[in-house]
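**Student:** Mind docking chain B with the ligands on chain A? Use the hints.
Here the protein sequences come in this chain order: A and B. Letter 234 of the first sequence, counting from 1, is numbered 234 in our numbering, and no numbers are missing. So the mapping is simple: our numbering equals the position in the second sequence, first residue as 1, plus 430.
Please keep in mind that the hints were generated in silico from the structure rather than gathered at the bench. Each residue gets a CB set at the ideal place from its N, CA and C atoms; glycine is no exception. You can take every hint at face value.
Chain B stretches covered by chain A per the calculated footprint, using a threshold of three residues with CB under 8 angstroms from any CB of chain A: (1) 565 to 577; (2) 586 to 599; (3) 640 to 646.
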Amino acid sequence: MVSNMTPTESVKKGLARRYRKERRFRALGLLAVWLGFTFLVILLADITIKALPAFHQTWIKLDVYFDPEVLGFEPGRPIREEALLHADFRGVVRRSLYAMFPQVRKHRDKRKLGALVSSAAQYQVRDLLRAHPDWLGKTVPVWVRADDDVDTYLQSASLQGVAQDHRRLRDNQVAWLRELEKQGRIERRFNWLFFRSADSREPEQAGILGAVVGSFYTLLVTIALAFPLGLAGAVYLEEYAPRSRWVDLIEININNLAAVPSIVFGLLGLAVFINFFGASRSSPLVGGMVLALMTLPTIVIAARAAMKAVPPSIREAALGLGASHTQMVFQHVVPLAMPGILTGTIIGMAQALGETAPLLMVGMVAFIVDIPHSFTDSATVLPVQIYLWADSPERAFVARTSAAILVLLGFLVLMNGAAILLRKRFERKW
Amino acid sequence: MVTIMKHEESAATKVRVPLDEEESQAVETLAAPSAEAPAQSDETVGDPFVERAKMSARHVDVFYGEKQAIFDVSLDLGEHEVLALIGPSGCGKSTFLRCLNRMNDIIPECRVEGDLRLDGEDIRTRGMDPVLLRARVGMVFQKPNPFPKSIYDNVAYGPRLHGLAANRSELDEIVATSLKRAGLWGEVKDRLHEAGTGLSGGQQQRLCIARTIAVSPEVILMDEPASALDPIATAVIEELIEELRQNYTIAIVTHSMQQAARVSQRTAYFHLGKLIEVGETDRVFTNPRHPLTENYITGRIG
Ligand SMILES: Nc1ncnc2c1ncn2[C@@H]1O[C@H](COP(=O)(O)OP(=O)(O)O)[C@@H](O)[C@H]1O
Ligand SMILES: [Mg+2]
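The following block holds chain A by itself, in its conformation from the complex:
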């Protein structure tokens, strides 16, 4: 069959088929890339659109009358801090609203009217009086945050179309809002508070900073433990450990450890760090230690691969010049492997940043309204915050969930960018 064809002829015959195969493969590859890319774009667009409302906050201008009677302060007397904390500023805020809508009489309607502004308004007004004691007995225009229901209603065209049974804002509330709008008492501003505060039950007061700081402390603990330990372990296993059954066993275990479900590390952390050593629950210290355990195998494996990739000729060159084994390792192998080691470390850290399950086990899932200030303060982290908000019934938390996802993605992009930069900076060729 082949015998009566010259090699050129038989090659030509196969050529068309080969080209077809090649084209098919290329088309398949392209399709896969585009599919992945499209999904990514859709996902990102969806998250971004959903997140947008979280970046804006509606403000309402009230004419607040610092009524000495309601507050129980005597004009002209200095106000004690103690009294300030117990005074009825909520009443002051409500009354200024009622004054604007004298036609509202019924108790139920009054409650609805008061619900237009955020419950944080009373604290804002209190702080104002603390700063300006002379305002007692005066009427001052004050911008306060609107309630999250107002925000949600004003930012959603679809909500505005439906009957009041299907939304949280009643028709009379909408009417009051429109009236306020007409008087120029409604403003939309950028929601800085989202980046400046910690979690809250009220969506309009909830922010991401607490979780960001918590993540920061946690990752600091993680990297401080995992990088030196991982590097030391990798250097020992790769360069010093004698070839024995024990070392093989350790190697196999490290590789297996990388595949252990992360929640198991959380259980381990709960049992060892909290129950046995008595470390404080919910703290970045414990969370960081758990994540360090989880990241360690990743770093060890990446570091060993990077050190293996250092050409033997470089090792021979160093040894041939009279460098000792340790000098060779630390003057040549480790520095040359550094880009790979750093890349592995950052990838491990990025993994740790996005990890939720093990942290749930050590109590980092708690609802925490304070920004943590140390490694032992109770804290939460970004992915847990996302989980908590995603679980909340208020509609405004949907936007905050998406916004938090964007923040988390932003940090991940930053970290990967850092990995690329470091790799470029340390890159050497041989």
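**Tutor:** Below, chain B with the ligands without anything else, positioned relative to chain A:
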């Protein structure tokens, strides 16, 4: 170019590598190896010993795991001489060379037996630190392997390691002289702080030689230092070896018989891990006594 031509000429006159007679000789000795094989002893033909030995090996066996790579080799390295190690590939030239500065130590499954001495001192006792030994017995490898550092740092690495320079200017001096002796100074003196890996192959190999001699070793081992180089770079390195001989003792592995003939005073021929024949280079190439040597030199084993 002129110097290279001269070099080729002198080599050609020094040794008569049989080229024209190759064919006729082939017919003559074709049956010889098989006829003589049973009678052939393990004794090395020629004289492996010299009067003033810088290094000496006695009854050296090397094993890679179960497999023996070197069989009972005894050989001296005379002071200020260039000894060429030749033989078909896989015959154990590199393995033997690496015994001389204990580079085989770093191969876990490699085991060396026998007696190896430097200036009469056993190099395989506990007392001889391999690090110190390698500072005294330097090595140049087959593939140029500069560190991914600057040219300066490459050469300065050894002196820094062993504390050979008291200050920066002394170090500068060592770097400059080493590069000069390696014949690289003129080409790199203006870019000492550029990467050594950016040089051409021949320049890289000379950089590696400069790096080796910067430590002032007593012996230099070269494992096919020119095998990856073009003829011009090879000629430069060969000239360099001739010059280095004034101060150093050199053992060079080469697969080019012309090169062995040009640069060495003595030649050792290895075959399947055994040292078959040793002698003055002129004598070995013009009048090989062992049929295996003759076959190799005339190009029948390669
Ligand atoms: N690291 C090693 N492990 C196992 N066997 C080796 C190793 N290095 C060399 N050998 C074996 O030892 C023999 C001699 O090798 P080598 O000294 O490199 O020969 P040459 O340099 O003469 O070509 C060969 O058979 C080779 O397969
Ligand atoms: Mg070799």
